[in-house]
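Trainee: Chain by chain, the residues:
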Amino acid sequence: MKFLITFAFKNLTRYKRRTLITAGAIAVGIMMYIFIDAMLMGAEYESVRNLKWYETASARILNDEYWENRQQLPLDLSISDPDKIIDRLDENGIIATKRISIGGDLILSSQEFGEDGNLPVTVTAIDPSTDNEVFHYADTLIEGRFLEQDEDAALIGSWFAEDIGAKIGSWVTVLARGNGGFYEAIDLEIVGILNCPNPNVNRTLLMIPFDTADYYLAMDGAATEINIKLSDLADVDAELPAIQELLNGDDLTVMSWTAMARDYLALAEAKRGGTGMILFLIFIIAAVGISNTMLMAIFERVRELGMMRSLGMSDAKIRIAFMLEAAGIGLLGSIMGVILGIVADFFIINVGIDFSFIMRDMDIGYRIQGIFRGAWNPGTIVIAFFAGILISTLVAYLPTNRALKMDIPSCLRHQ
Amino acid sequence: MIKIENVIRDYHAGETVVHALRGVSLDIDQGEFISIAGPSGSGKTTLLNLIGCIDALDGGEIEIKGEKVSTMGKKDKTNFRRINLGFIFQTYNLIPVLTAYENVSFVLSLLDIPEDEVKKRTMDLLKEVGLEGMEHRRPSRLSGGQQQRVAIARALIKNPDIVLADEPTANLDSKTGEDILKLMKQMNKKHNTTFVFSTHDKMVMDYADRLVLLHDGQIMSDERRA
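Which chain is which? The protein sequence lines are A and B, in order. Just add 20 to the spot in the first sequence (first one is 1) and you have the numbering used here. Just add 9 to the spot in the second sequence (first one is 1) and you have the numbering used here.
Only chain A is shown next, with the shape it has when bound in the complex (with noise of 0.2 Å):
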């Protein structure tokens, strides 16, 4: 074995150009798998974290019948005393917050935006004292002020202001349809922007403050949501049950974010697939190029290959002997691609790509306002590693069981 590793390494060094530039197609080939998989890695993350904190919470609680009819926004369908529920998870040691979703028109007058007109939003109310223990809005604030309780204010996304022309002091109405149908026309003084990472957020976002909806629409002190906050770490679907426990009697129903989610992790999981096809034609390209690579090697040294089987060495340690040479040039491009992939990650974690002018048009499912950071995956790095090696030690096999199947006579004659 030992002089089948020296045999093979001392190949490796015959044709150093051909050795460096098939080692050079693998490194590329790892270095963009550890690329890709880290900036889908660290996209991944920050949509999910982005969801959490400005979507859906860890958990939500909602009346029974609220998720099936959630595109109407029911404000019938809602939760009657959430401040006692609050108070039951706060025993418990969870973090809660009440919000209500209204469906409703802005309308826009001549007199502040240019041109009257209308659009459908969706308004959200906030409490203004526990909101920011659940979501993180506070921090996202870049002019103005954030809510304060029972005020006719509201707070706007930063692309939501720019499409309609808001500003600080700009006034706006809403209409809206109250608890019994009744339509309420609530003026409304925009107080704060927010440039909230989530696109899908920043795109639409208004919000106000949950005793004004309570007043103006008549709710009651109910609310159409509980959002819980749970640990980052927490197995939400486990904790679920426990939770559900709190609210026996009420005929409510808690949901974690995967559930409300599913639509996004189902576009993730896609696009995983398909970047996964991407990345498997990098490696079969690599594998190709270390294949042909193989092929010219074993077909210039045929008439050494009849010599060594003359001299009894077996096919099976000659083709041993090919593929540990095949498995250095691996060897080479894994650590050339592994060292090249952690400097593209270094990048992509620290300076990210900035995809703003893509993110601001258009929804590409991510929860990403616009500039990509990736996330370390050592898992991938050692995966891609092993792999650039396993893969050309197996590649070598076909050419080198091509040329054995010659036999020793037209080996030792082949020029």
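Note that these hints are calculated values from the structure, not bench results. Yeah, the Cβ is synthetic: ideal placement off N, Cα and C, and Gly gets one too. Heads up, some of the hints might be wrong.
Below are the BS3-like pairs computed for lysine-lysine, each with C-alpha atoms no more than 27 Å apart in a straight line [as the list claims (entries may be wrong)]:
#1 B:Lys184 x B:Lys136
#2 B:Lys84 x A:Lys425
#3 B:Lys167 x B:Lys129
#4 B:Lys199 x A:Lys30
#5 B:Lys83 x B:Lys167
#6 B:Lys167 x B:Lys191
#7 B:Lys83 x A:Lys22
#8 B:Lys184 x B:Lys199
#9 B:Lys184 x A:Lys30
#10 B:Lys167 x A:Lys22
#11 B:Lys194 x B:Lys129
#12 B:Lys84 x A:Lys337
#13 A:Lys425 x B:Lys86
#14 B:Lys128 x A:Lys30
#15 A:Lys337 x A:Lys36
#16 B:Lys198 x A:Lys337
#17 B:Lys84 x B:Lys167
#18 A:Lys425 x B:Lys83
#19 B:Lys167 x B:Lys128
#20 B:Lys194 x B:Lys136
#21 B:Lys194 x A:Lys22
#22 B:Lys198 x B:Lys136
#23 A:Lys30 x B:Lys136
Facing chain A, from chain B, some residues (calculated, C-beta under 8 Å) [stated by the list, open to error]:
#24 Thr25
#25 Val27
#26 Ser34
#27 Asp64
#28 Arg90
#29 Phe96
#30 Ile104
#31 Val116
#32 Ser118
Put chain B on the given structure of chain A with help from the hints.
Mentor: For chain B alone, kept in the frame of chain A given last:
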């Protein structure tokens, strides 16, 4: 030692059949220094390949050291060659990335011989063939004659019973060729190894103790000289 009986070997090139050997019979004893001579296409190399168990015959039988090699399977032939046969080629066929030492010693690594013994035997033999001090040179830094000396050492390192040499001096000038033949003969005498070599060179034939002349795949003469 080697019994060749009525050996036939045909080659097919499309619809053409080339009769390389047409019923060759020959007995070779242990320690002989025998030359298979004849013009190009006479079947010298084919005969050597068949004795060397690297080609399959179409008829007849070959027995070496009492074993019928002509009916052996591929693996058995490989094992037989590994232990009993040494080869010297016209173009030396040294591995360019290995040193002279490694080119010789790798044969022993196939036989799982301990490293200390490999080292001793290789160094001794390289000295014997006149390559002392050149052990670490790669083939590209050796002359043709020196390369063929390495090839001779490689053929002899496992103390085989038979060494087969296909036109061993054809790529060398006459002086170097003569030196190589002297060395082969010296090894033949010292180790009592049977040397069977093919040639069409008169000078090489003169060195043989026995000369077998082939023509069109048949033995024309078999002359013992020593």
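Trainee: Decide, hint by hint, whether the structure agrees.
Mentor: Right, here's what the structure says about each hint:
At roughly 21 Å between alpha-carbon atoms, Lys184 (chain B) and Lys136 (chain B) fall within 27 Å of each other, so this suggested pair holds. Pair hint Lys84 (chain B) plus Lys425 (chain A) holds up; C-alpha atoms about 14 Å apart against a cutoff of 27 Å. Of the supplied pair hints, the one linking Lys167 (chain B) and Lys129 (chain B) holds, its CA atoms being roughly 12 Å apart against a limit of 27 Å. A hinted pair counts as satisfied when its Cα atoms are at most 27 Å apart, and Lys199 (chain B) with Lys30 (chain A) does not qualify at roughly 35 Å.
Between Lys83 (chain B) and Lys167 (chain B), the direct Cα distance comes to roughly 21 Å. Compliance with the 27 Å bound is thereby established for this hinted pair. Between Lys167 (chain B) and Lys191 (chain B), the direct Cα distance comes to roughly 20 Å. Compliance with the 27 Å bound is thereby established for this hinted pair. Distance check on the hinted pair: Lys83 (chain B) and Lys22 (chain A) sit about 25 Å apart at the alpha-carbon level, within 27 Å; holds. The suggested pairing of Lys184 (chain B) with Lys199 (chain B) holds, with an alpha-carbon distance near 22 Å, which does not exceed 27 Å.
Taking the CA atoms of Lys184 (chain B) and Lys30 (chain A), the gap is near 34 Å; set against the 27 Å cutoff, the hint is violated. This hinted pair checks out: Lys167 (chain B) and Lys22 (chain A) have alpha carbons roughly 18 Å apart, not beyond 27 Å. Proximity of Lys194 (chain B) to Lys129 (chain B) is assessed by CA-CA distance (about 23 Å); at most 27 Å being required, the pair is judged to hold. Of the supplied pair hints, the one linking Lys84 (chain B) and Lys337 (chain A) holds, its CA atoms being roughly 12 Å apart against a limit of 27 Å.
The suggested pairing of Lys425 (chain A) with Lys86 (chain B) holds, with an alpha-carbon distance near 16 Å, which does not exceed 27 Å. Distance restraint check for Lys128 (chain B) and Lys30 (chain A): the Cα-Cα separation of roughly 19 Å lies within the 27 Å cut-off, and the hinted pair is therefore satisfied. In summary, the hint linking Lys337 (chain A) to Lys36 (chain A) is supported, as the alpha carbons are separated by about 24 Å, within the 27 Å threshold. Between Lys198 (chain B) and Lys337 (chain A) the CA atoms are separated by roughly 34 Å; this puts the pair beyond 27 Å, and the hint is violated.
Taking the CA atoms of Lys84 (chain B) and Lys167 (chain B), the gap is about 19 Å. The hint holds against a cut of 27 Å. Restraint check for Lys425 (chain A) and Lys83 (chain B): satisfied, since their Cα atoms lie roughly 12 Å apart, inside the 27 Å limit. Taking the CA atoms of Lys167 (chain B) and Lys128 (chain B), the gap is near 13 Å; set against the 27 Å cutoff, the hint holds. Our distance criterion of 27 Å between C-alpha atoms is met by Lys194 (chain B) and Lys136 (chain B), whose separation comes to about 16 Å.
About 34 Å separates the Cα atoms of Lys194 (chain B) and Lys22 (chain A), which puts this hinted pair outside 27 Å; it is violated. Taking the CA atoms of Lys198 (chain B) and Lys136 (chain B), the gap is about 17 Å. The hint holds against a cut of 27 Å. Proposed proximity of Lys30 (chain A) and Lys136 (chain B) is supported: the alpha carbons are some 25 Å apart, at most 27 Å. The interface hint given for Thr25 (chain B) is broken, as the beta carbon of that residue sits about 17 Å from the closest beta carbon of chain A, more than 8 Å.
Of the supplied interface hints, the one on Val27 (chain B) is violated, with its beta-carbon coming no nearer than about 13 Å to a beta-carbon of chain A, more than 8 Å. The closest approach between the C-beta of Ser34 (chain B) and any C-beta of chain A is roughly 22 Å, which is over the 8 Å cut-off, so the hint fails. A cut of 8 Å between beta carbons decides the hint on Asp64 (chain B): the least distance to chain A is about 5 Å, and the hint holds. With a least beta-carbon distance of about 4 Å to chain A, the hint placing Arg90 (chain B) at the interface is held under the 8 Å criterion.
Restraint check, Phe96 (chain B) versus chain A: the minimum CB separation of about 5 Å is within 8 Å; hint holds. Interface hint status for Ile104 (chain B): upheld, as the beta-carbon distance to the closest one in chain A is roughly 6 Å, under 8 Å. Because the smallest distance between the Cβ of Val116 (chain B) and any Cβ of chain A comes to about 6 Å, under 8 Å, the interface hint for this residue holds. Because the beta carbon of Ser118 (chain B) sits about 4 Å from the nearest beta carbon in chain A, less than 8 Å, this interface hint is met.
Consistency note: the structure conflicts with the earlier hints numbered 4, 9, 16, 21, 24, 25 and 26.
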